[in-house]
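Letter by letter, the chains look like this.
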Amino acid sequence: MNGGPDDAALAGVRIAVLGTGANGSGIGADLARAGLDVTFVDQWPANVEAIRARGVRVELPTGAEVTEVPVLHLCEAAELREPFDVVLLLVKAYDTRWACELIRPYVADDGVVVGVQNGMTAADIADIMGPHRALGAVIEVTAAMDEPGVVQRHSGRERSWFAVGAPDPASAHHVATAAAVLRHAGVVEVADDIASAKWMKLVLNAAELVPSAILDLSIVECARLDGMREVMLEAGDEAIRAAGLLGLRVRPIFGMTGEAASSPGTFVATVLDELLAGYVLPHSRSTVLQDWAKGRRAEVHEINGAVVEVLARSGEAAPVNRAVVELADAIEAGRMTRGTHLQPVLAARIAELRDAASA
Amino acid sequence: MAGAPRVAVLGTGANGAAIGADLVRAGHAVTFIEQWPAHVDAMREHGVRVEMPGLTETTPVRVLHLCQVAELREPFDLVFLVVKAYDTRWACELIRPVLAEDGLVVGVQNGMTIDDVADVVGAHRSMGAVIEIAANLFRPGVVERQNRREETWFAVGATHPAAHARAEEVAAVLRAAGRVEVSDDIRSSKWMKLVVNAAELVPSAILDLPLDEAVRVPGMRDVMARTGREAVRTSLEAGNRLVPILGMTEDDLVDPERYADRLLDIVLDVYTLPSTLTTVLQDWRKGRRAEIEELNGHVAREAERAGAAAPCNARVVRLAREIECGERAAGVHNLAELLDAAVVA
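Chains as they are written, first to last, in the working numbering: chain A, 22 to 380; chain B, 14 to 358.
Next comes chain A alone, as it looks inside the complex (with noise of 0.2 angstroms):
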């Protein structure tokens, strides 16, 4: 239904979605619906027995599509006989080494795993599966899963965004067949910097999940409270200057054009406001506030603490990183109750840390 001229390309490719929940089932759908071998691979048991009886519901902007696709539960991975040529992988960033080391003898000896998430996880990727079997690739697509089953998906295809590129030129073979796979699902960019663009995702995501689901709010919500916008352009600016640290660019992502999209000065602000216009609802709450909603741990220390870890390697603070993973710590350690009552206690951790910093 999607086809194109890369389809032919992809007939007979084995693929696996590892890690269906709302963006990978959302993102597995599309490909099923393309016609293409897509098999689910979930650790949540009741997910995939909605899946196996029902298909997968995911409700877009657009109206509800149901796809029925094979799906199988973690434990069902040793009784896999044909390996697969392309892994999606759509799990937390904390999760990307077990998800790896557990698919791993089921990835073709020229397949290929692409780490389609948050934070920095091409090395973990690389380091088990080897250097020509890793690819990278920033996600932004905002959905949700609360019930087992059924995706909200708040951005449809035309609004979901992709780069995919290879860490190293061992893997870069593989990218027009990952590229041509996700293109199924949204706009795919094939990135020659994949390490520049997703640190500039992580930017964006340091000033926009942790701070957001502190308050409780959804992105927009906080974004719009006051002082906390400022306190989001912090966050994300402390992370472009790990980013200068790190060797990395500054590039444009979302497929933005133009000069403020690609400025260390004028990048978190531009990025963050293109997000909150045309990918997220006013309702839509971070990855970070729906796991902890579901009393999981959060992908903090990938994000915010990975800013925090560059910049004190090399002797710098990181005020505002640093206080929004100590308050996310306590709240996933139950000291702290997230909540907009936080903001202030957020405004004074930094301004402590700060001080510390210059003292």
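Hints are computed from structural coordinates only; laboratory data are not their basis.
Do not rely on the hints blindly, as some may be mistaken.
To be verified - Short, incomplete list of chain A residues facing chain B, as computed with Cβ under 10 angstroms: (1) 65; (2) 68; (3) 69; (4) 96; (5) 97; (6) 100; (7) 117; (8) 121; (9) 149; (10) 152; (11) 337; (12) 354.
To be verified - Computed beta-carbon distance windows for the label pairs: (13) B:182 to A:70: 38 to 48 angstroms; (14) A:351 to B:114: 52 to 62 angstroms; (15) A:131 to B:321: 31 to 41 angstroms; (16) B:321 to A:334: 42 to 52 angstroms; (17) A:248 to B:182: 46 to 56 angstroms.
In this text, all values refer to a predicted model and were calculated from it rather than measured experimentally.
Glycine included, C-beta positions come from ideal geometry on N, C-alpha and C.
Fit chain B to the given chain A structure using the hints.
Chain B only, in chain A's frame:
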């Protein structure tokens, strides 16, 4: 580790569930973490039912699906890893974020998994273990344990000195499930178990027979013995020592090949009931892959590395691979090809 240890059993199939139930009954704070959803649901609803010779025990247990590891807030002090050898690395990666800084992962498994565990969680947090128990799990929540606790045998020990210093601490916990010895050369101890595993597990499964029946097929006992002897020679060539396991003593270590034969005798006499299906055959009957590469495959690879031949193990691996990819059926008709390799050897 202050106070009562927080214990997890990661992998609660036949062995893990039986051991875990014993730990719960001994009063330990135990969490089961399991990959088979129906088994989790059954244990939650009814507890875990362990049917032993002359005794059935049902024990209420706390059980988590794999996906619930991300909900955990308190780290574990002791993780008994009772997954298949080929699941070792991902299971260790999964549990690592909830393993205490001074916690230990104890690999209660067949196969040489010590280095994989150490690679993921650090040698200072890993312990190896030998396990000898016969148990089946075909219905969710119900374990058929064919050995009572007094026959079940474990050895524990670590390659890292700081971890090894805690072997007795682990043994004390595991003693709820059977006899436990501390091994000062756990790598060799695990190899000795691999010797007998190489002889019994895959060869009998290739015939699609319970162990006790397989061994009575004319010629099969000899195939198994030769496969075990190859393994013990390979172990010694790889620099391991002969060490007593399964309750044997230094006096039993007369000669490597006779020792391998003795180990096979013990497993067949003490740990095998007429109905005992090997772990390999259980896996195959469930449509799952088995520990081929980690058992006979490991022996064959190590022999090759040492420039020695292990024709029986190599043949076992080839036939088992053919069975797993559907090119060959398991059954007694495969005997000729096993005998053929044994004669060459």
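Legend entry - Unmet hints by their number, sorted upward, for this structure: Of the numbered hints, 10, 11 and 14 do not hold.
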